Structures are given as C-alpha cells and as structure tokens.
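> Okay, here's what each chain looks like letter by letter:
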Amino acid sequence: MSEGIGASVRRKEDKRFITGKGKYTDDIRQENQAYAAFVRSPHAHAVVKSIDASEAEAMDGVVAVLNGHQLTEDGIGNIIAGWAITSKDGSGMNMGAWSALCTEKVRYVGDTIAIVIADTQEIARNAADAVMVDFDILPAEVNPEATLADGAPQIHDNAPNNQIYDWELGDEAATDSGLASAAHVTEMEIINNRLSPNPMEPRAAIAIFDEAEDHYTLYTTSQNPHVARLLLSAFYQVAPEHKLRVVAPDVGGGFGSKIYVYPEEIACLWASMKTNRSVKWTSTRSEAFLTDAHGRDHVTRAKMGFDANGKIVGFKVDTIANIGAYMSLFSSVTPTYLYATLLSGQYDMPAIHGNVRAVYTNTAPVDAYRGAGRPEATYLVERMMDTAALEMGVDPAELRRKNFIQSFPYQTQVIMNYDSGDFPGCMDKAQAAADVAGFAARKAESASRGKLRGIGYSSFIEACGIAPSAAVGSLGCGVGLWESAEVRVNPVGTIEVLTGSHSHGQSHETTFAQLVNDRFGIPIDNVQIVHGDTDKVQFGMGTYGSRSGPVGMNAIVKALDKVEAKVKKIAAHVLEASEDDIVIEAGEVKIAGTDKKMAWHEVGLAAYTAHNLPEGMEPGLKESAFFDPINFSFPSATLICEVEVDPETGVTDILQFTTADDFGVIINPMVVEGQVHGGIAQGIGQAMLENVVYDDSGQLLTGSYMDYAMPRADDLPSFTIEHNNVPSPSNPLGLKGCGEAGAIGAPPAVINAICNAIGNNNLSMPATPSKVWAALQEVSTQQAAE
Amino acid sequence: MTEISMVVNGKSVKADVADNTLLVDYIRESLRLTGTHVGCDTSQCGACVVHVDGKAVKSCTMLAASAQGSDVTTIEGLANGDLHPMQAAFKENHGLQCGFCTPGMIMSATDIVARYNASGKELTEEAIRDELEGNICRCTGYHNIVKAIVDGTSKMTNA
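Those sequence lines, one after another, are chains D and E.
Under my numbering, think of the first position of the first sequence as 1, with each following residue one higher.
Under my numbering, think of the first position of the second sequence as 1, with each following residue one higher.
Hints were generated in silico from the structure; no laboratory data involved.
Heads up, some of the hints might be wrong.
Straight-line alpha carbon distances no greater than 27 Å define the calculated BS3-like cross-link-like pairs of lysine-lysine that follow [to be verified]:
#1 E/Lys91 - D/Lys15
#2 D/Lys21 - E/Lys91
#3 E/Lys91 - D/Lys12
#4 D/Lys23 - E/Lys11
#5 E/Lys91 - E/Lys121
#6 E/Lys11 - D/Lys15
#7 E/Lys55 - D/Lys21
#8 D/Lys311 - D/Lys402
From a predicted model like this one, the values you see are computed outputs, not experimental measurements.
Based on the sequences and whatever the hints tell you, model everything.
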C-alpha cells in the first residue's frame with residue numbers, strides 16, 4: 001500500500017496513545033519535585049491592599065509563597081502583545097500592563113496574585129487558600145459595549161473609556177456610496193458568542209532549575225515551544241535563551257489556547273530558580289475555564305447593499321471586540337487582520353469598510369481560538385447573505401452563486417489576494433451530496449410528524465498558511481511567520497525530520513513522514529519526526545492558523561530538495577554517470593534506463609564514510625531549510641446543514657451535515673477528514689451549546705462541564721465530507737490547510753438552518769432549546785396578530 | 001491513612017494511602033500508570049475511566065480505599081497481547097487525534113460492548129452515541145470514535 005502523498009496511512013503515533021503510553025506534561029515527574037498552586041482573585045476588579053502569607057508560610061510542607069513585588073524586583077517583564085495595531089487616527093494601542101503576578105490591582109476573576117510552592121499538590125492548594133489578600137473591591141464591567149461608556153469602570157489607567165484601539169480597513173466613502181445606490185440594504189446586529197477552547201488536556205508546566213549550570217528546562221503544554229522560549233527569555237527575562245530548554249511533549253489538544261505563555265508558566269519557571277526546586281503545576285479544569293484565553297466575543301452592526309439584480313454593492317461593518325482584562329499575545333490581530341481581511345468572503349464586493357474597536361472588560365483575556373477572526377467574519381457574512389436572501393425573496397444558494405468570485409487571482413477590497421478556488425464547484429458538490437433537490441419532500445415528511453425541517457448554507461473562505469513574513473511585518477506583526485525543517489539522513493539510510501511545527505493532535509508524525517516516502521520511496525517506519533524540543537530542533541514558529549501543512553510541510557519539502565540534489569551528486573559520482581540521469585525510486589538511486597543503481601542506504605553510507613565523494617563535497621547528508629510563504633493560502637467550502645426542530649420543546653436535531661471543501665492538495669485524506677470532523681463539532685458547539693457567561697459583577701457562571709455545554713457524542717450527527725480541491729499556486733506542495741475549516745464554516749450553516757426551519761430570523765448563538773422555543777413563540781404571536 | 005490492597009492489571013498491589021486519595025491519583029501517582037488521565041474536576045469528561053471488577057468507573061469519582069480488594073484494569077492492562085481489538089479499531093478508524101481522551105474512550109467502549117453483549121441488545125450507532133455521554137472528546141467530533149466502536153464491537157464479538 002502506498003505511503004506517499006494522497007494515501008490514508010494509519011497513524012504512526014497511535015500505538016502509544018491507545019496503550020496509555022503517551023507522555024504528557026503531567027505524566028512527567030522530576031526528582032525533588034515541588035508543586036505550585038496559585039492565589040487568584042475572587043473579584044473581577046479590585047485594588048490589592050495587602051497580601052498576608054504568614055499563615056500559609058508556616059504550614060508544614062510549604063516551601064515558599066512568592067508575590068508580584070518579588071517578581072518585579074527580579075526584573076521579570078510584563079506579558080506582551082505580539083502585534084501592534086494602529087488606530088485610524090494614527091495612534092498606537094492603549095495597552096495596559098500585565099504582570100504575571102498582580103501587585104496593585106486585579107482585573108478579572110482568576111487573576112494571579114501569588115504562587116505557592118509546597119511539597120505536595122494538596123499542601124500547595126491548601127496553603128494558597130490560606131493566603132489572606134485584602135481587597136478594595138471596585139465596580140466591574142463585563143459588557144463590551146457598556147465598557148466604552150463614559151463613567152464605566154476604568155480598567156487600565158492608560159486606556160480611556162477602556163478602548164485599546166479604533167481601527168479601520170477598506171474605503172468608507174466608496175462603501176457609503178455603494179450602500180446609498182443599493183436597491184436593497186440588509187441591516188443586522190450580530191453577536192459572536194464567547195467560547196472556552198477546552199482542549200481535553202489542561203495546561204501544565206514543570207520548571208527545572210539546574211543551579212550548577214545556571215540552566216532552566218520547562219516542560220509545558222505548548223503549541224510553539226520556540227516561541228515560548230523566545231518570550232520567556234527576550235521579553236519576560238526569566239532566563240537567557242541559550243540557558244533555557246523548552247519541551248512540549250505530547251500535548252492534548254490546543255485549538256489556539258496553548259499558543260500563549262501564561263502567567264503560570266512564567267511564575268513556575270521563575271519560582272524554580274527562587275526555590276531551587278523543580279516546580280510542577282497542573283491546571284484544574286476550573287482554572288482552565290477561568291484563565292485559558294477565551295475566543296470570539298464580538299458585537300457587530302453591519303449593512304450589506306444589493307443592486308436590483310442581487311449583486312452586492314457595499315458592505316459596512318462596525319465591530320466591538322471584547323479583549324478581556326489584558327491583551328494576550330495575538331489578541332490585537334485576531335479581530336483586525338485575521339477578521340476584517342475576510343469580510344469579502346467568497347463574493348465579489350466592490351466596496352467594503354470594516355471598523356473595529358477593541359475594548360477591555362473585567363473578563364478573562366480573549367485571543368485566537370480555532371479559526372481566530374475568520375469564524376467571526378464568516379458568521380457575519382453568511383448570516384447577512386441568508387438574511388438578505390430572505391428579505392429579497394430569493395433562494396440563498398442562488399444569491400451566493402450570483403455573487404461568487406469566478407476568476408483568480410482576485411484582489412479583494414480588504415488586502416487579501418485570493419490565488420485560487422472553485423466556489424460554484426464546492427456549492428454544486430455540497431448540494432448534490434446533501435440532496436438539496438429532495439429537501440422539499442423531506443420537509444413535508446417532517447411536517448407530517450409535526451416537526452419543522454430547515455436547511456442552511458455557509459460558503460466560506462479563510463486565509464491560512466500564516467503567513468508571508470514581510471507582509472505581516474508591514475502590518476505590525478512582531479515576528480516572522482516562516483517555518484523551519486531539517487532532514488537528517490543517517491549512515492544506514494534511515495531519516496529524521498526535525499520540524500518547527502508542533503503536533504498536538506494533527507498527526508504530523510505520520511503525514512510529515514509521508515512526504516519523505518513520496519520523495520524517496522522509503523517506508524514511513526524508517527522516518528522519525530522530531531518536534532517540540534528546543535534542544536533538538538532548530539528555531540521554528542509552531543502550529544496555529546492551519547499553518548503546519550502550507551508552511552511547515554513546505555519547509556520539509558525544501559530541505560528534501562537539497563537532500564535529493566546531494567544524493568544525486570553522490571550517486572552520479574559513484575556510478576560514473578551524469579547527475580541529470582539519476583533517478584530516485586522506491587528506495588533506490590538509479591541511472592535512468594539502466595540496471596546500474598545504489599541502494600538508498602549505500603548513498604547514506606557513502607556520504608558519511610566520505611571515501612569517495614565528488615571533489616570539494618562536504619561529508620554527511622543533512623540539510624535544513626526555512627520556508628517563508630509568498631501568500632496566504634485560501635481554503636474554502638460550502639457547508640449545508642439540515643435540521644429538524646420540535647416545536648413543542650425547541651429541541652433541534654441536526655439530521656445531516658455536509659461539506660464540500662477545497663483544501664488544495666491533500667497528503668492524508670483520513671487525517672484531513674478527521675480535522676474537518678473536529679472543526680465542525682466545535683462549530684456546532686458554538687452554534688447550539690457553548691457560551692461563556694459572566695454575571696454583571698464579573699463572576700464566571702460557566703466554570704465547569706456542568707455549566708458549559710461541551711458537544712458530546714449524542715449532540716452530533718455523522719458528517720458527509722466531499723472534496724473539490726484546487727491546488728494552491730502559492731506553495732510547492734499546493735496545500736491550503738484544513739485545521740480550522742469546520743469551526744469557521746459550521747456556525748452560520750447551523751443557525752441559518754434553524755432560522756429556516758422555524759421561520760424566524762431573530763436567533764442568536766447558542767441556539768439552545770429555550771431560545772429556539774422563544775423564537776417560535778414570537779412567530780406564533782406575530783401570526784396571531786396578523 | 002488507610003492500608004489498601006487490590007489487583008491492578010493482574011498484579012497485586014498494597015499501599016498506605018491518605019483517606020481522601022482518589023483512585024485516579026493512586027493509579028497515576030503511586031502506581032505511575034499515567035495512561036489514565038484527568039481532564040476535569042467534576043466527573044464529567046471520562047478521561048479517567050478504568051474498570052473496577054469488570055465495570056467502567058470514573059476513577060476520579062472513587063476513593064482508592066473504596067477499591068479495596070477489587071480487580072482494577074487500566075488502559076495499560078487492557079490488551080492480552082499486542083493490542084485489544086478495540087484499541088486496534090481506534091487506530092484503524094482514526095478514532096483519536098491528540099490522544100488525551102482516548103484511554104477513557106477505549107475503557108468505556110469495551111465496557112459498553114461487554115454490557116450490550118451480556119444483555120443481548122444490539123449496539124447501534126445511536127446507542128453508542130448515547131452511551132458515550134460521559135466521555136468528552138474535543139478533537140474528533142466523535143464521528144470516527146463511533147466508527148471505531150462499531151468496528152471494535154464486531155472485532156470483539158468475533159474474537
């Protein structure tokens with residue numbers, strides 16, 4: 001069976017996970033290990049008047065209680081935002097300071113005040129409870145609109161009216177004039193609900209300080225260990241980069257929430273030096289709900305104008321993005337360059353204007369969560385399209401078709417240059433697979449049972465493969481977004497691939513090895529993928545934004561190109577042939593058209609014995625590469641959701657969920673479809689179940705799995721996945737990325753379907769049975785009035 | 001402190017544990033069997049499922065002392081040989097991604113199959129989804145977990 005590109009190879013990494021031999025951070029134990037627990041704010045907004053740790057310090061087994069004053073005295077830096085956004089008046093961000101341990105003020109429930117180190121986890125937690133903090137409680141604000149009002153509680157002194165920036169993209173005058181000329185304008189207020197990422201493995205860290213070497217090691221649940229090391233050294237000044245090893249071993253899901261370095265990891269690393277003990281911390285799920293960066297949380301007012309033929313003539317968007325109490329690493333870019341740049345969707349729009357105000361509230365920091373900005377754009381655009389179709393009395397699929405971009409490259413009005421796609425083709429395939437033609441009959445059948453059946457579309461595009469370094473640099477990004485790889489051919493011919501990408505469920509150990517098999521014909525069992533350890537792997541940027549395929553894999557391909565060239569040179573020399581005549585097939589290096597050949601391992605051996613190499617060639621067979629993409633990649637899809645609503649209860653069943661995706665070239669269809677399944681599940685979760693809720697005082701009401709509704713097996717259908725792939729012209733492999741697609745595309749398909757079923761377009765996420773039932777009562781009341 | 005003794009994965013073990021030690025902590029921290037995971041603190045996620053006397057139990061919901069005299073099987077002890085048929089089915093059907101919920105899923109799945117086989121009821125896809133209500137996965141959307149359990153059921157039944 002083929003193990004190359006396009007084969008659904010079963011995963012190499014599975015055996016350790018299915019036998020309980022995975023090695024996650026919490027599974028690691030160090031000699032002389034102590035445990036950390038954190039003293040956290042029970043208030044959403046308060047002045048810290050004093051901290052009395054005397055009782056805690058006196059407890060048996062307590063090693064130390066350390067606070068923010070000590071942290072500051074040791075020169076530990078504040079937490080940074082990695083992307084500078086410039087307001088439309090030219091001013092920079094009004095960014096408030098975020099210390100890993102608060103000194104003067106707490107700004108959300110869960111804010112870190114002190115770290116307790118003790119001999120056992122139980123003692124550490126009990127001691128944290130015994131630390132007495134005297135607070136002066138301040139009024140709190142959790143609402144992103146109310147926080148902008150005069151007189152709202154001032155959360156950071158340097159952010160007047162709690163506004164961080166007021167930013168715009170696009171041409172406002174052209175958009176206004178387009179809307180003025182429109183035959184029909186659809187206006188909506190759209191709320192994109194706040195979510196908690198909830199990877200099943202809670203965050204964890206083990207910090208190890210080696211006093212003799214003045215060296216630190218941090219095992220942590222990170223999607224990007226090199227970025228973590230850079231932040232911890234260059235910015236937070238905990239340890240110099242060459243004296244810090246960051247290891248992200250098996251990581252149990254991330255979805256964005258494990259991109260960032262949080263206060264807890266900084267404090268543990270610092271505390272390991274202060275106490276000269278290895279310090280271990282494992283988040284509880286309750287702490288995860290309080291402190292893992294949340295996602296989404298937008299309030300948007302938008303107008304979309306259409307001419308008499310149903311063609312879009314202008315799209316104007318005004319969004320308030322809730323950033324929470326502090327600016328997390330990518331919090332500034334998520335609601336701007338990852339959001340407003342996708343407002344054109346799959347449609348030819350002659351004028352677009354997006355305005356975004358980012359605001360502080362007394363809630364957990366909000367940052368990139370699976371899709372990051374693109375789900376917010378997609379939900380907005382696709383709800384607008386269905387609403388407009390409803391208002392104009394046209395078929396929602398036909399309205400989309402009328403406005404689809406048909407030729408590429410296509411320059412949008414909001415920066416992005418779409419390089420490829422086949423939007424009508426995805427719509428065709430999705431409609432065929434979902435049997436849209438048979439919907440009316442199915443609807444009638446549902447009606448015969450007293451049920452309401454509805455169908456909903458979502459046609460989305462996302463920008464992945466983040467991203468060309470110079471382009472993102474020009475937009476304010478603090479780092480380059482290339483990826484690195486090193487391919488090491490051993491003397492016996494086996495291969496190690498060292499990648500800067502990180503797998504926390506994405507199956508890299510298999511799919512990356514498939515690239516090597518495809519190139520050289522070597523069994524994937526002879527290929528080892530090495531990742532997640534800054535001591536082993538060259539600097540890399542990590543995994544987020546569906547970038548491990550379009551960026552990470554292309555770095556590997558670039559390194560493979562170099563290995564191939566050297567192999568051909570060596571073989572040509574040994575076999576006394578021209579390099580151009582050498583071919584590599586099925587693990588053999590041959591002179592084309594002859595029976596003269598070398599086995600793969602013989603070339604490896606020749607490279608390392610160096611007895612007979614071409615004049616001037618260095619021994620060895622190891623090449624590295626950095627790949628910086630020339631453009632984003634643009635996956636797209638049409639998703640179709642079909643639901644049945646019970647009008648008596650408002651309970652919605654998803655009867656079928658279909659998607660026809662364009663991911664460009666696919667390395668492993670089984671893995672890609674798995675990514676799509678998971679993304680759709682998170683999208684359905686957002687649409688029907690999940691919602692982070694704070695009360696007015698800033699207390700988190702959804703702090704456990706009893707209160708925050710995670711999608712479970714009986715909430716979801718099986719999914720139908722079709723492919724309509726157009727290779728990306730922007731990278732050598734033609735990949736577009738698939739990790740976020742489902743989470744981006746699914747929510748509007750679900751809500752559009754429910755609205756279609758119940759005959760009421762006034763419905764917000766999550767569409768719980770009580771909300772759907774209430775929306776149905778509105779319809780009956782209206783009908784009664786008429 | 002309480003002295004406990006039990007059989008874990010076929011081996012007799014004995015220990016003095018604090019009265020409030022949870023079975024999952026005893027398994028992970030004392031026995032160092034780290035395949036059993038902790039994903040929540042409210043007995044909701046099912047990452048910690050083990051078998052106690054042949055029945056699936058959330059080991060975060062049981063005191064170690066309550067397992068006194070019991071026969072406990074964890075994910076590490078499930079296979080009698082290379083892989084249990086359900087483990088093989090999870091691999092074959094791509095029923096896992098990050099792997100964190102997987103041990104609990106597999107331990108629940110084998111328990112579900114055993115219960116349905118014992119009662120003679122048919123284990124339909126719908127029944128599998130209902131039965132998995134106590135196990136949360138954030139990666140797979142359950143699509144391939146359900147497929148894996150259907151496959152694992154036939155592999156176990158025909159084994």
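> Confirm or reject each hint.
Results of checking the hints against the structure:
1. E/Lys91 - D/Lys15: Roughly 8 Å between the alpha carbons, so the hint for E/Lys91 and D/Lys15 holds.
2. D/Lys21 - E/Lys91: 14 Å, holds
3. E/Lys91 - D/Lys12: 9 Å, holds
4. D/Lys23 - E/Lys11: 23 Å, holds
5. E/Lys91 - E/Lys121: 26 Å, holds
6. E/Lys11 - D/Lys15: 23 Å, holds
7. E/Lys55 - D/Lys21: Distance of about 22 Å is within 27 Å: holds.
8. D/Lys311 - D/Lys402: Holds, because 7 Å separates the two Cα atoms, which is no more than 27 Å.
Checked against the numbered hints given earlier, the structure satisfies every one of them.
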